[in-house]
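Participant: Residue numbers (my numbering), protein chains in the order written: chain A, -2 to 855; chain H, 4 to 116.
Mixed in with the good hints there might be a few duds.
[Claimed, not checked] Below, computed lysine-lysine pairings styled on DSS-like, alpha-carbon distance capped at 27 Å:
1) K61/A - K59/H
2) K86/H - K21/H
3) K21/H - K78/H
4) K9/A - K59/H
5) K86/H - K53/A
6) K697/A - K536/A
7) K21/H - K90/H
8) K702/A - K234/A
9) K234/A - K208/A
10) K53/A - K21/H
11) K59/H - K21/H
12) K431/A - K536/A
13) K208/A - K147/A
14) K536/A - K208/A
15) K9/A - K78/H
16) K61/A - K78/H
17) K61/A - K21/H
18) K59/H - K78/H
19) K53/A - K59/H
20) K61/A - K9/A
21) K9/A - K90/H
22) K9/A - K86/H
23) K90/H - K59/H
It should be emphasised that the hints constitute simulated quantities derived from the structure, not laboratory data.
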Amino acid sequence: MKSLRRTWNRLKGTFAGNRRERDLAAELEAHLEMQMEDNLSRGLSAEAARREALLKFGSVESAKDSYRDQRGLPQLETLARDCRYALRSMRHSPGFTVIAVLSLTLGMAAATSIFGIISSTLLRPLPYQEPGRLVSILVGGAIPAPMYEKFSREARSIERAALFVNVSQNIAGNGGPERVPGARVSGTLFSLLGVNARLGRTFTPEEDRPKGDTVIVIGDSLWRRQFRADPNVLGRKILVNGVPQTIIGVMPPGFHFPDGPELPAWAGPFPPAEIWRPMAMMDDERTCGGCWNFAMIARLHSGVSPTQARAELLRILHQPGADAELTVRSLQEAVSRQGRRPLIILFAAVIISLLIACVNVANLLIARGLRRQPEIAVRISLGAGQSRIVRQLVTESLVLAGCAALLAIPLSAIGIRALIAIAPANVPGLAAAKLDWSTMAFALGLALLTTVVFGMGPAIGTARHAPSDVLKSGGRSVAGRTPLRRALIVGELALSMVLVVCAALLAKSFLVVARTPLGFHAENVLTMRLLLPDARYTKPQRAAFAAEMASRCTALPGVISAAAVSTLPLTGEAEGWGLVPDDADSRQVDFRVRAVTPGYFRTMGIRLRSGRDIIPSDPGRTAILSQSAARQRWPNIRDPLGRTVGGMTLVGIVDDTRASGLDTEVHPYLYLPFSRFAPEEFALAVRTASDPAGLAAAVKAEIWKLDREQPVTHVEVMRQLVADSIAPRRFEAMLMGMFAAFALLLASVGVYGIVAYSVTQRTHEIGIRLALGASRGRILGGIMGGAGALAACGAAIGVAAALELTPLLRSLLYGVSAVDPLLFAVSVLVLVVIAVVASVIPALRAMRIDPAACLRCE
Amino acid sequence: MKDKTEVWQGTLALMVLKTLEGLGPQHGYGIARRIEQTSGDLLSINHGTLYPVLLKLEQEGSISAEWGISDNHRKAKFYRLTKAGRKLLTAETHHWRQTAAIVGRFFTLGETT
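Bound conformation, chain H alone:
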């Protein structure tokens, strides 16, 4: 069994990748807002925890970062999905769906018996 935070970190990374795929280049605040919105505000994350995840993805080469100007003319760091990141996202999405499906089957099994 993986450590709890580790699972969470992995999941958060996947959410970040998916968000960047949908939104295009985005800054940290934008990503955090978008994740909360997408989850229907069910998920409340400490925005601070997002940054180490972003850095890790950047170090792996899944995303790249550069300074740019936000909608309200503020200097902010924008993250963009790289080719490697897209590939990772596809693989992870597939993997996630599979896992979810398997776990789902166990639950439906439990309900019917």
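Isolated chain A (complex conformation):
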């Protein structure tokens, strides 16, 4: 307590102004005068009295000094003095300061931005109670209701469990018809997650039974959008899929279960849920052991690991082959695993960039240290200890890094927003990324760390020179050779080389993917999605709707053709899978199935290789295969038209398409007439003569003529869908390219710095060589060659490092080897050229040295 109080008072004393100093002087003066008066009264002369008093007192200055030391905290005062000194010397060399602070700022801002994204996507805790105990339980990707009931009844490791399935709902709200992503969930789900409604309540057990499900819970965003955040929304009836339902609760903002990795894989990318209906399972669903329609989530008892729970469930399941099928996955881990690899790689890249920036600044500091040798030598000779000098120099580095961190923090706020803007959508938590405390703490931590990395070495090196050597050399610095600086430059070039190679590999992958033939023509195609719920449409009605809609749209001016399809290419939506019975003469093939209306191939620009398209009068038992599907099905038959596939007659063969993704293998496709299984959700594709976006309003108007309550969503042009499907690759390639460019810029500044420095050092020597008849071209070549040699060293080390590191990138690459020799060669060339270019200006300066002037000044 006492020492705390003393420290506080000393801290206050540190920042005390002149008043305390005056007080001290007055107090000591009063002391001396009182002593003098006493001496005078003892009969001494005035002069003797004063001398006696001073003698008695001891040194006034030393008393003041020890008083001051006691008053403040000397270390803190030294630090403050060093900081002031550092700022002053930074002002005196603005060129150095700008380059050092700028490169550190850019490096730190980039690292902080990426960290901000990582902390809000990979490190974010799920918005549920104790998310660490939540697991998803699936058998072969899904789970039927009887298995779920067996698990939740018998497993002792499970505290609570719930079933869910994601479904979109059409609602007719105030703001026009809308299709809303949502889920059917067990009544237990909300209490399992530990999230309560912000308004109203969630489902009761009664509402989770058949016929009880006339209630819905809505999300905060839907509540704001459709109901203008009206608090009286509870009890309101709205039409959901054409059936009136009562709103009983509004969930808090940010609640979107199931979202991202909480979804089972077959759901594909599904937008965050905003509307929830009770499961209210019918008896036939409850007892259907083969209906793999649901996903299961459970809260484990505390202390039970997912692995332990899995072992217990396996015992309960007691089925051969279950071991390979059953997954028990921690939700929190799933969240942090999703998209982890690219982000971790980008983070590594950004840390390398920062390291390069540090090396650069270290280099500048060494050069600056050499220039400051005389000053430092004088200070050492005057009695400053080496540790004191090191402390001073490290403080200067700290001030540099601190300035950079202060600039980097606002810059990274912009960086995070820019990253969100260019990042592909569908990364959970990304939109919420912002500059929070942990990110700022990270930036400040970086400042400290970089100071140690770039400041310590040069500081020690600078303080170690013997002052006598420096002073003897008459003010000229004694550097001459710069092996350490050259080594640093080589290291910097090597690191840049690694980044350049990575960027080249990612860019090549992107280009390969972007140039992959689609198998269809994406230009001038307008697409949109619809949902015709079972509650309002029977299957034949739906098929009639699709056919009518397609023909009406085709009749619109500017439209070439239009067709409906169950799933559009490249949207990543759940693919249709078909179990096609085996025919005697052929092989079993895992077809992907698409239901299409006549004219689909013409609309999408998929070439018909043989046979014919589906026609309206087809009885529904006709089929069309993609080329590879036909080849897999009948490997030995040249013309399989007319044969049957799963009881359907093959009438045509079309080109292969890469409809499931440009960077996946070509899948075999089976196309069926739309009327065959007219799904609830489907899409409309419209080929237009010119800009497709302009026709969106007219097409929507046609749809609304058929059904005024039909929401039309995802209105996009196909070209955009293609671009979106490769957006993650573009994002990765772009960022890596930016880091590589940044690294090259820094490296070229570094090369420029060291070449310029050596030219200054060698002015005299170059002058003599010129005077002795060396050609100017030779001087120029020598200096640029030196830079080239540095770059070659850096490139050699960089290639060796890249060969080790690029295989880690493999999962992000497509159509290019991780050790592609051509790309490596190009990268080496780029590095050497940039290094040589960076040396042009100082080399030209060396060439123009006037030997006469140079020798005269000696």
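Given the coordinates of chain A, assemble chain H onto it according to the supplied hints.
Facilitator: Relative to the frame of chain A, chain H by itself:
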């Protein structure tokens, strides 16, 4: 073993506290004079060394200081013992007596054998 000056500083602080207890509020010069007188002029301190000690005691809250007028109408800073200072003095006096007694015993032991 403590550093020599530290021991000395500690002792000086105790003397200052004891002096202030006896004299009441007093300025630095007065304290220095009084310590010298009490020690029978055996102890000669550099008066300058007194001030850091006074400051330290003030920072700890054992004494407080304010400007006042001395006997010869001079402006001077007067130090006064605080409640905490009194408590510290009692504790330190006790501690000092104990230490002195123990060390004394060792010396008497040495003399008798």
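Participant: Taking the hints in turn, state whether each one holds.
Facilitator: Evaluated hints:
| no. | hint | result |
| --- | --- | --- |
| 1 | K61/A - K59/H | holds, 14 Å |
| 2 | K86/H - K21/H | holds, 13 Å |
| 3 | K21/H - K78/H | holds, 24 Å |
| 4 | K9/A - K59/H | holds, 14 Å |
| 5 | K86/H - K53/A | violated, 32 Å |
| 6 | K697/A - K536/A | holds, 22 Å |
| 7 | K21/H - K90/H | holds, 12 Å |
| 8 | K702/A - K234/A | holds, 25 Å |
| 9 | K234/A - K208/A | holds, 16 Å |
| 10 | K53/A - K21/H | holds, 22 Å |
| 11 | K59/H - K21/H | holds, 16 Å |
| 12 | K431/A - K536/A | violated, 47 Å |
| 13 | K208/A - K147/A | holds, 24 Å |
| 14 | K536/A - K208/A | holds, 23 Å |
| 15 | K9/A - K78/H | holds, 25 Å |
| 16 | K61/A - K78/H | holds, 19 Å |
| 17 | K61/A - K21/H | holds, 24 Å |
| 18 | K59/H - K78/H | holds, 22 Å |
| 19 | K53/A - K59/H | holds, 22 Å |
| 20 | K61/A - K9/A | holds, 18 Å |
| 21 | K9/A - K90/H | holds, 25 Å |
| 22 | K9/A - K86/H | holds, 23 Å |
| 23 | K90/H - K59/H | holds, 16 Å |
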